[in-house]
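A.B. asks: Next come the chains, spelled out residue by residue.
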Amino acid sequence: MDLSHIFNSKKVLVTFFYAVFIFISFAKAHPSGAHNSEVDQTETLTSGEEEDITKVILHHISDAHDWHFWGHGEHKVGLPLPVILWTKKGLVTFLSNKYDNDKKGQTVFEEKGQQLVNFHDKYYYPSPEKNAEGNYVTLDENHIPTNAKPLDISFTKNVASMFISITILLIIFISIARSYKRREGKAPKGLQSLLEPVILFIRDDIAKPQLGYRYATFMPYLLTVFFFVWINNLLGLIPFFPGGANLTGNIAVTLMLALCTFILTTINGNKNYWGHVFKPHVPWWLYPLMIPVEIIGLFTKPMALTIRLFANITAGHILILSLISLIFILKSIFVAGVAIPFVLFISLIELVVGFIQAFIFTILSALFIGMAIEEHAEHGA
Amino acid sequence: MITGSIAGIGAGLAAIGAGLGIGQIGGKAMEGMARQPEAASKIQTAMLIAAAFIEAVALFGVVVAFLGTK
Amino acid sequence: MSLNPLVSPDPGLFIWSTVAFILLFFLLSKFAWKPIVKALNERERSIEDALSKAEMAREELNKLTSENEHLLKQARIERDEILKQAKILKDQVVNDAKVLAQVESSKMIEKARHEINNQKAAALEDVKNQVATLSLDIATKILRKQFEDQKKQQALVSDFLERIELN
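In order, the protein sequences belong to chains A, B and C.
The first sequence runs 5 to 385 under the working numbering.
The second sequence runs 297 to 366 under the working numbering.
The third sequence runs 546 to 712 under the working numbering.
Simulated from the structure, these hints should not be mistaken for lab results.
Please note that a few of the clues may not be correct.
[What the hints assert, rightly or not] Under the rule of at most 20 Å between Cα atoms (straight-line distance), these lysine to aspartate or glutamate pairs were calculated in the EDC-like manner:
| no. | chain 1 | residue 1 | chain 2 | residue 2 |
| --- | --- | --- | --- | --- |
| 1 | A | K190 | C | E623 |
| 2 | A | K153 | A | E188 |
| 3 | A | K107 | A | D144 |
| 4 | C | K575 | A | D144 |
| 5 | C | K579 | A | E188 |
| 6 | C | K579 | A | D144 |
| 7 | A | K190 | C | E587 |
| 8 | A | K59 | A | D125 |
| 9 | A | K212 | C | E593 |
[As the list claims (entries may be wrong)] In silico contact screen, one side only, chain A against chain B (beta carbon under 10 Å); selected entries:
| no. | residue |
| --- | --- |
| 10 | K92 |
| 11 | G94 |
| 12 | I255 |
| 13 | N316 |
| 14 | I367 |
Predicted model, so just to flag it, every value in this text is computed and none were measured.
Cβ atoms here follow ideal geometry from the backbone N, Cα and C, with glycine treated the same way.
Work out the full structure, taking the sequences as your base and the hints as a guide.
C.D. replies: Structural data, given as structure tokens:
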């Protein structure tokens with residue numbers, strides 16, 4: 005499979021991403037200076053709005069208890085999702101739209117005998133007294149509540165999006181499997197011929213070179229990871245309903261995926277692999293140094309996997325949202341003439357990045373598993 | 297705000313390093329492919345993996361920048 | 546220091562995604578990957594089989610063709626050989642015939658010469674005999690004529706006697 009075009013776009017993306025990142029950083033730095041000197045009222049206003057935009061972007065890329073479609077306040081249209089909380093008094097469930105008109109923690113509500121407060125779409129146990137701003141939460145210097153939280157296992161936007169993606173995957177692949185059975189030994193057709201090269205790509209370019217003759221054992225995992233990441237990357241790029249949830253840009257999900265790889269690596273690790281960790285090929289007096297390094301190395305691999313996918317996808321979303329926000333920051337509709345083609349361009353690149361990151365995640369998983377099951381130690385003393 | 301800016305500079309520095317690294321990889325891979333066009337697909341795969349490792353370093357920088365900004 | 550919410554994993558989502566992913570993994574493994582991978586492998590195997598069979602058939606054909614060619618070549622060589630031998634034989638026959646004819650003819654010539662010689666000898670003998678007879682006749686006639694005359698006879702005898710000297 006020829007990937008040269010992908011790599012070229014990747015370089016462009018990386019350049020763009022960092023250019024815009026640095027640009028935004030400096031753009032933010034400048035008005036803050038103005039804010040400190042308090043020269044002009046409008047400047048402070050602009051600065052406040054930019055703060056809002058940062059919040060909007062962060063809100064868009066983080067999880068939510070409901071699926072917001074459009075509108076605000078009274079005219080808000082969205083899909084309420086069930087909130088499930090494991091509190092001190094047991095399981096508490098309700099629909100998210102029941103208590104979402106106050107997200108500042110100013111009203112305490114009681115559900116199944118458990119008092120709760122909603123602060124920025126997160127549920128906390130309320131403080132006994134209001135603070136200076138009238139909230140029932142205690143804030144630290146970073147405006148993050150220090151209140152205790154119930155275990156929030158709500159069916160959030162990301163969870164809903166994940167189940168949509170899972171449904172899509174199941175429908176696609178079970179129907180493909182059926183057509184393989186029905187048209188046994190014949191040439192692929194339709195969806196089958198669309199995805200067969202991808203499946204073969206994973207088998208021939210990822211699994212076989214990294215895992216050797218034992219590739220068949222890990223094929224289901226690699227295929228599942230690849231298509232799960234890929235379809236969620238793509239769904240995340242759709243700006244409206246079935247998509248739009250930044251699932252693969254959420255660190256909990258990427259951490260889960262990386263942990264799956266880590267667990268597979270650990271339970272499949274053979275004598276060579278553990279020998280490499282606990283009896284590295286170095287003089288014995290280096291052991292106190294090398295063994296901790298090797299053990300840290302075991303954990304940095306899944307960490308790198310987690311952060312790579314999370315940061316890549318989140319960066320893409322932030323980039324697109326920032327470019328759109330330029331229209332509102334510069335307060336001119338004409339900026340759209342520049343910003344929208346740019347957004348389109350970045351979106352196209354993100355389509356490629358969605359594939360590349362799924363590929364990278366899968367190939368690195370295969371690489372790590374391959375290192376764990378390798379039969380011979382390739383280093384010579 | 298100030299912390300955010302410094303974190304941004306940090307991310308920028310990380311990006312410089314990663315940019316140099318990825319540039320090296322890309323350049324060398326091109327050379328390799330030009331020299332041995334029949335090994336192009338293998339070189340590409342290895343190049344992407346190496347680029348992913350280097351990119352991870354830059355992304356660590358970005359994540360640290362995130363950690364700095366609240 | 547509390548983490549930015551962006552980089553702090555949310556336990557609820559973590560639990561949900563773990564459950565969902567494991568569910569997805571088992572469902573897809575059982576209902577999708579197993580049949581798909583099996584079908585792909587089988588199809589590849591059948592394609593490989595077909596290819597190797599085609600290869601075998603081609604080889605067979607090649608073998609047959611080369612065998613045919615070989616046979617043809619051999620036949621040609623044999624034909625050439627036969628023709629060559631026939632030519633040699635012909636030459637030999639012609640040669641033999643020539644030699645034989647020569648021998649025969651020389652024999653015949655020899656025989657003819659012999660015959661001629663014989664005939665000549667016989668003829669000469671005959672001529673001799675006839676000459677002898679004729680001479681005798683002539684001599685007889687001459688003698689008769691001579692002896693008719695007495696005197697002449699006397700003279701002759703005396704002549705003879707004279708000539709004979711008693712030594």
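A.B. asks: Please go over all the hints and tell whether each is borne out by the structure.
C.D. replies: Do the hints match the structure? See the list:
no., hint, verdict
1, A:K190 / C:E623, "violated, 53 Å"
2, A:K153 / A:E188, "violated, 55 Å"
3, A:K107 / A:D144, "holds, 18 Å"
4, C:K575 / A:D144, "violated, 50 Å"
5, C:K579 / A:E188, "holds, 14 Å"
6, C:K579 / A:D144, "violated, 53 Å"
7, A:K190 / C:E587, "holds, 11 Å"
8, A:K59 / A:D125, "holds, 13 Å"
9, A:K212 / C:E593, "holds, 19 Å"
10, K92, "violated, 28 Å"
11, G94, "violated, 33 Å"
12, I255, "holds, 9 Å"
13, N316, "holds, 7 Å"
14, I367, "holds, 6 Å"
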